[in-house]
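Novice: In case you want the letters, here they are:
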Amino acid sequence: MSWKPRTFLACLIVGLPALAAADALAPADVKFDDMSVSQSLTSQPGDPENGRKVFANRSLGNCLACHAVKDQSDQLFHGEVGPPLDGAADRWSEGELRAIVADAKEVFSEQTVMPGFYSLNVGINVREDLVGKTILTAQEVEDVVAYLATLKE
Amino acid sequence: IAFAGGPVDDELVIDGEIQMITRAAPPEGHPLDEVLSGWLYRTEETRLLETDTFENPGMLEVQDGADLWNTVDGSAGKSCASCHGDAEESMAGVGASFPKWDEASNRPINVELQINKCRTEEMGAEAYKFDAPEQKALTAYVKHQSLGTPVAIDLAEGHMQSWWEKGNELYYTRTGQLNLSCASCHEQNNGNYIRADHLSQGNVNGFPTYRLKQASLVSLHNRFRGCIRDTRAEFPAAFSDELMALEVYVTWRGTGLSVETPAVRQ
Numbered sequence: 005m006s007w008k009p010r011t012f013l014a015c016l017i018v019g020l021p022a023l024a025a026a027d028a029l030a031p032a033d034v035k036f037d038d039m040s041v042s043q044s045l046t047s048q049p050g051d052p053e054n055g056r057k058v059f060a061n062r063s064l065g066n067c068l069a070c071h072a073v074k075d076q077s078d079q080l081f082h083g084e085v086g087p088p089l090d091g092a093a094d095r096w097s098e099g100e101l102r103a104i105v106a107d108a109k110e111v112f113s114e115q116t117v118m119p120g121f122y123s124l125n126v127g128i129n130v131r132e133d134l135v136g137k138t139i140l141t142a143q144e145v146e147d148v149v150a151y152l153a154t155l156k157e
Numbered sequence: 005i006a007f008a009g010g011p012v013d014d015e016l017v018i019d020g021e022i023q024m025i026t027r028a029a030p031p032e033g034h035p036l037d038e039v040l041s042g043w044l045y046r047t048e049e050t051r052l053l054e055t056d057t058f059e060n061p062g063m064l065e066v067q068d069g070a071d072l073w074n075t076v077d078g079s080a081g082k083s084c085a086s087c088h089g090d091a092e093e094s095m096a097g098v099g100a101s102f103p104k105w106d107e108a109s110n111r112p113i114n115v116e117l118q119i120n121k122c123r124t125e126e127m128g129a130e131a132y133k134f135d136a137p138e139q140k141a142l143t144a145y146v147k148h149q150s151l152g153t154p155v156a157i158d159l160a161e162g163h164m165q166s167w168w169e170k171g172n173e174l175y176y177t178r179t180g181q182l183n184l185s186c187a188s189c190h191e192q193n194n195g196n197y198i199r200a201d202h203l204s205q206g207n208v209n210g211f212p213t214y215r216l217k218q219a220s221l222v223s224l225h226n227r228f229r230g231c232i233r234d235t236r237a238e239f240p241a242a243f244s245d246e247l248m249a250l251e252v253y254v255t256w257r258g259t260g261l262s263v264e265t266p267a268v269r270q
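Chains as they are written, first to last, in our numbering: chain R, 5 to 157; chain X, 5 to 270.
Any given hint could turn out to be false.
[Stated by the list, open to error] Anything over 12 angstroms on all C-beta distances counts as not near chain X; from chain R, calculated: (1) S47; (2) E53; (3) A93; (4) R95; (5) E98; (6) E114; (7) T116; (8) E132.
[Unchecked claim] No farther apart than 20 angstroms at their CA atoms in a straight line, the calculated lysine to aspartate or glutamate pairs in the DMTMM-like style are these: (9) R/K137 x X/D234; (10) X/K104 x X/E48; (11) R/K137 x X/D158; (12) X/K217 x X/D135; (13) X/K217 x X/E48.
The set of hints was computed from the structure by calculation and includes no laboratory data. Glycine is no exception: its CB is placed at the ideal position from the N, C-alpha and C atoms.
If we strip away everything but chain R, and leave its shape as in the complex, we get (with noise of 0.2 angstroms):
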């Protein structure tokens, strides 16, 4: 890790955040290899409670919208576009489940309806306020990533 001087006062004066957005890579610097993304997109190890909230959330990953998880059942709606997620990670290694989740049209296709979580290759017309930016941040796919390494069966 090389400390630029700006970067380093910047941490000094907002603190961990700025800390952990400068270390993350950016969309266009994940590498996807054989279906998988096995560099972490930041340098702190994934929170699964917090990626277990990302999950449920409606304006952030908003996973329940396509996907059920026996995990949640607390929540009321869950969705049926994409296969439920029990198991998951008995079925998908955690560089695999990273590469689906920053962007799944690396791991299924083009067609897929999943959309890409950490990727700015979007639709047309993206809302002005987000255009340029990805749907999760880096630590926030971490997050999910190590929450979906908790399904097992």
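Mind docking chain X on chain R? Use the hints.
Specialist: Only chain X this time, still in chain R's reference frame:
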């Protein structure tokens, strides 16, 4: 977790006498095997509300439309009735064939734009603004005169075919940060739940529809804009070329379904 299980196998008969077509054979070139009304995807309580015109909460606004039909407005001192007489006769079946080609503006127009045309050109009145309560009420009143009539638009008129093609292209174009097209939800996933919503084929035969959520009539272009907004995209203006092309194309996709205006949706 309850799963949807797709459209129901149920018949829609209004007031015990109007047999509605909620399943139709698709027109040639249609991507789906069967054309289905959104009514078949709603819950039993919501479906029931539409079977009785006294229970249908959208009928209050249709009644407002009936009053507007007979109200004189504008410098020519005329009402709709002055020229068109009894709407039950003059407007029977008319709503089922919109959008239509409009030679004067060289583009397709829907019922809302036809009303504005009559108001500005025939009555000396101002055009209604998009989604003005009067616009929704009068549009619903005109369409309601086609209750039960199968949707059938004429693509041979003017340049309707090229607008159909533009609409077809837009239907499959992915928009927004979520990168979804109309087809992602209404073609590939109708019959599935997307969180709390049971996805239908997204047909337009019930518009303006009464939405229980909004407790009022919702216009078609409002619905289009809402669906596009949900992909986290900027959405086109009402009656823009984009939305008129989509209206032509999506109306064609619902060919053969009875006009249900005002349909009741959640």
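Novice: Give a verdict on every hint.
Specialist: Hints versus structure:
1. Even its closest Cβ contact with chain X, about 26 angstroms, leaves R/S47 beyond 12 angstroms, as expected for a residue assigned away from the interface.
2. Listed as outside the interface, R/E53 is consistent with that label: its C-beta sits roughly 22 angstroms from the nearest C-beta of chain X, beyond the 12 angstroms cut-off.
3. With a least CB separation of 20 angstroms from chain X, R/A93 remains clear of the 12 angstroms interface cut-off, as annotated.
4. Against chain X, the non-interface label of R/R95 holds: every CB pair exceeds 12 angstroms, the least being about 20 angstroms.
5. Look at R/E98: its CB is around 24 angstroms from the nearest CB on chain X, clear of 12 angstroms, so calling it non-interface holds up.
6. Separation of R/E114 from chain X is inadequate, the least Cβ-Cβ distance of about 10 angstroms not exceeding the 12 angstroms criterion.
7. The beta carbon of R/T116 is not kept farther than 12 angstroms from every beta carbon of chain X, the shortest such distance being approximately 9 angstroms.
8. A beta-carbon of chain X comes within 12 angstroms of the beta-carbon of R/E132; the shortest separation is about 6 angstroms.
9. Distance hint between R/K137 and X/D234 is fulfilled; the C-alpha atoms sit about 16 angstroms from each other, no more than 20 angstroms.
10. Taking the CA atoms of X/K104 and X/E48, the gap is about 34 angstroms. The hint is violated against a cut of 20 angstroms.
11. Of the supplied pair hints, the one linking R/K137 and X/D158 is violated, its CA atoms being roughly 43 angstroms apart against a limit of 20 angstroms.
12. With a C-alpha separation of about 17 angstroms, the suggested pairing of X/K217 with X/D135 holds against the 20 angstroms cut-off.
13. Pair hint X/K217 plus X/E48 holds up; C-alpha atoms about 16 angstroms apart against a cutoff of 20 angstroms.
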